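**Q** All chains, please: the whole structure from these sequences, using the hints.
Going down the list, the protein sequences come from chains G and H.
With numbering that gives the first Met the number 0, the residue at position 419 of the first sequence is 418, and numbering never jumps.
With numbering that gives the first Met the number 0, the residue at position 18 of the second sequence is 17, and numbering never jumps.
Calculated from the structure, these hints are not laboratory results.
Since we're looking at a predicted model, the values are computed, not measured.
Just so you know, even glycine gets a beta-carbon here, dropped at the ideal spot from N, CA and C.
Errors might be hidden in some of the hints.
Below, a sample of chain G positions facing chain H; criterion: calculated Cβ distance under 7 Å [said to hold, decoys possible]:
# : residue
1 : Ser2
2 : Glu3
3 : Phe4
4 : Lys11
5 : Pro19
6 : Val23
7 : Gln25
Residues from chain G that keep clear of chain H, each with C-beta distances beyond 12 Å, as calculated [said to hold, decoys possible]:
#  : residue
8  : Met12
9  : Val27
10 : Gln213
11 : Pro260
12 : Trp278
13 : Gly308
14 : Pro313
15 : Glu316
16 : Asn328
17 : Phe335
18 : Pro337
19 : Leu359
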Amino acid sequence: MQSEFEKQVQQKMDTLRLVPTDPVWQKVNDAIKRRRDKKRFFVFLLAGLMISAVGVWYLLPANKTAVLLNPTEKSKPVYSAAGISTTASSPVEPNKPLAVISGHKIVKSSLLHEQKINTGNPPVSVVNKKEILPDRINQELIQEKEVVQKHPVTPIRNSTVTPTQNNTGITSIDSSATVAKGDTVIATVEDKPVQVIPQDTMAKQPGKHATRKQWHKVIYLQAGSSSFRQGLLANNIVYSAPNSNMSNFPGRVYYRGQTTPGISYGLGAGVIKDFSNRWQLTLALRYQYYSTKSNVGNKYINDTTVRYGGTWIPVSEYYTNTGTQSYTNKVTMAAFSPAISYQLLRQVPLRLSIGAAYGLLVHSNTLTYDEITNLYYYNKKNIVKNYIQLTSGLSYEVGTTHKMFFGPVFQYTANEQQKANVYTFPHLYFIGLQAGIKF
Amino acid sequence: MDQYRLVKECLKGKTSAQKELYDLFAPAMLAICYRYTKSVADAEDVLQEGFIKVFLNLKQYKFEGEVGGWIRRIMVTTAINYLKKNSRYQSELLFTDENLHAIASVNPVIYLGAKELAELIRQLPPGYQTIFNLHAVEGYTHVEIGKLLGIQEATSRSQYARARALLIQWIEKTEKTSAYAK
Chain G
0 MQSEFEKQVQ
10 QKMDTLRLVP
20 TDPVWQKVND
30 AIKRRRDKKR
40 FFVFLLAGLM
50 ISAVGVWYLL
60 PANKTAVLLN
70 PTEKSKPVYS
80 AAGISTTASS
90 PVEPNKPLAV
100 ISGHKIVKSS
110 LLHEQKINTG
120 NPPVSVVNKK
130 EILPDRINQE
140 LIQEKEVVQK
150 HPVTPIRNST
160 VTPTQNNTGI
170 TSIDSSATVA
180 KGDTVIATVE
190 DKPVQVIPQD
200 TMAKQPGKHA
210 TRKQWHKVIY
220 LQAGSSSFRQ
230 GLLANNIVYS
240 APNSNMSNFP
250 GRVYYRGQTT
260 PGISYGLGAG
270 VIKDFSNRWQ
280 LTLALRYQYY
290 STKSNVGNKY
300 INDTTVRYGG
310 TWIPVSEYYT
320 NTGTQSYTNK
330 VTMAAFSPAI
340 SYQLLRQVPL
350 RLSIGAAYGL
360 LVHSNTLTYD
370 EITNLYYYNK
380 KNIVKNYIQL
390 TSGLSYEVGT
400 THKMFFGPVF
410 QYTANEQQKA
420 NVYTFPHLYF
430 IGLQAGIKF
Chain H
0 MDQYRLVKEC
10 LKGKTSAQKE
20 LYDLFAPAML
30 AICYRYTKSV
40 ADAEDVLQEG
50 FIKVFLNLKQ
60 YKFEGEVGGW
70 IRRIMVTTAI
80 NYLKKNSRYQ
90 SELLFTDENL
100 HAIASVNPVI
110 YLGAKELAEL
120 IRQLPPGYQT
130 IFNLHAVEGY
140 THVEIGKLLG
150 IQEATSRSQY
160 ARARALLIQW
170 IEKTEKTSAY
180 AK
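**A** Right, here's the structure in full:
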């Protein structure tokens with residue numbers, strides 16, 4: 000229990016108020032903003048990774064081969080046309096493919112349920128019910144050579160299937176036929192004859208050639224780090240004589256503080272045109288945020304003059320150059336970004352892209368450094384509005400119809416960000432990761 | 000804007016609301032930090048750290064009780080941690096289990112102003128100063144102080160008694176030499 004003395008002390012201390020100086024709030028605000036920016040960066044990165052992960056999971060075909068196995072003799076799978084006793088009510092038309100297996104699943108089937116094939120031996124049934132039911136029936140997939148090339152049917156060991164040709168060039172299989180790698184096996188579903196259609200035949204079928212889509216839409220996310228290519232810099236030199244005789248100054252004697260990388264992220268959308276299997280043109284609009292950090296000193300809200308463009312101009316707010324505080328320079332830009340990409344290897348979907356973008360400044364809070372007074376201040380007129388950026392990147396694509404891509408990306412701004420003080424303010428660049436989808 | 004609405008606006012990330020909350024509580028919180036430290040610069044450092052913690056952890060405020068009380072607890076904890084981390088104070092934060100003579104409890108009337116009293120509290124050795132602030136001003140029990148500072152309850156009691164006696168001496172001396180004495 001408190002005595003009277005403690006109560007008095009408490010009452011008096013509760014009435015005490017002290018006003019903090021301005022820099023305290025500034026530091027609190029900066030710390031909150033830094034944390035918020037970091038959060039946004041990770042959200043973007045996570046979103047990009049999740050898009051990539053979902054795309055990879057959804058679009059990558061499994062590397063399994065659909066095999067019709069005799070459940071009792073797994074080493075001798077049999078596709079047999081002869082000897083099949085048909086119990087279906089409607090016999091299959093000859094030469095009409097009933098189902099096409101590509102990779103691990105039937106991509107086209109006129110019969111959508113599992114049935115059993117009686118070969119006279121113990122009944123053969125489909126190994127995996129789930130795999131045989133097509134997720135998607137896609138005319139283009141069947142007829143593209145590439146699809147068949149990418150997902151060849153693994154030769155069935157010890158198979159004794161011998162293809163025989165009929166007058167349409169369609170090969171049907173009897174019990175002694177051999178399925179060769181690259182062939183598309185046409186499986187039957189329940190008591191229908193099995194046919195093998197060589198891929199060339201399929202490709203020649205009139206009216207069924209897949210046409211390559213010329214134009215695709217694309218959206219992508221980028222996240223990474225941005226900074227300046229360092230020009231002249233040195234350790235901070237404390238400005239000790241702010242009122243010295245400026246008319247006798249010998250030239251530039253002070254140097255701006257070091258600039259360190261900050262986070263950057265962007266969102267782009269556009270179109271891609273395929274010129275061939277390997278060449279592409281991308282036209283995209285990109286909205287990007289860049290940040291860097293400069294070491295400055297305390298902020299002062301006082302009137303002073305700084306040197307700019309050969310004259311003295313008044314400023315009401317400035318930072319010293321003592322290197323005790325960190326200031327985040329932020330740049331937001333909208334860019335039109337055309338690029339050409341080339342698939343480096345025929346069998347590997349790895350693309351190298353290069354391009355040149357035109358960027359328009361949306362917002363910047365970058366400080367201008369005055370090497371005469373050794374002060375930093377905000378000068379909107381000194382900030383360049385139009386930029387030329389050189390871009391390059393590598394991307395790995397997955398998927399067929401809808402392609403996901405991800406990989407490193409690099410941007411370099413060819414012109415300086417500020418008009419004056421060009422010796423000390425280098426070029427903005429960005430290094431990061433990109434993930435997107437082409438559809 | 001009432002305080003709960005202000006907090007909700009801060010949670011939405013509105014800088015103006017955050018500034019308003021800061022302006023509302025910073026003077027009182029700086030006074031608290033001032034009592035725990037030895038300089039205005041240190042007090043402002045504690046205030047800055049404390050408010051950063053307030054805004055980053057505002058989601059944990061459950062809208063029970065005054066938001067000022069919640070902020071105050073954060074500020075006191077920040078001050079204690081600052082003293083423990085800061086090398087200037089570490090060597091002086093000695094809580095020794097000394098056997099002190101029993102000091103008669105007196106309850107003098109305090110005529111000094113709040114600022115003068117705070118200055119006297121700040122002149123106490125850091126260990127005494129901390130314990131006095133926590134018990135007399137914040138209302139922590141000696142058990143709670145023991146847990147907070149990692150000392151025995153008995154040590155807290157004895158250190159507090161010594162701090163109290165010293166402070167009363169200084170108050171009386173100051174009042175005698177000033178116009179506040181009757």
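**Q** Each hint: holds or not?
**A** Each hint tested on the structure:
no., hint, verdict
1, Ser2, "holds (5 Å)"
2, Glu3, "holds (4 Å)"
3, Phe4, "holds (4 Å)"
4, Lys11, "holds (5 Å)"
5, Pro19, "holds (5 Å)"
6, Val23, "holds (5 Å)"
7, Gln25, "violated (9 Å)"
8, Met12, "violated (5 Å)"
9, Val27, "violated (5 Å)"
10, Gln213, "holds (44 Å)"
11, Pro260, "holds (23 Å)"
12, Trp278, "holds (45 Å)"
13, Gly308, "holds (33 Å)"
14, Pro313, "holds (27 Å)"
15, Glu316, "holds (17 Å)"
16, Asn328, "holds (19 Å)"
17, Phe335, "holds (31 Å)"
18, Pro337, "holds (36 Å)"
19, Leu359, "holds (26 Å)"
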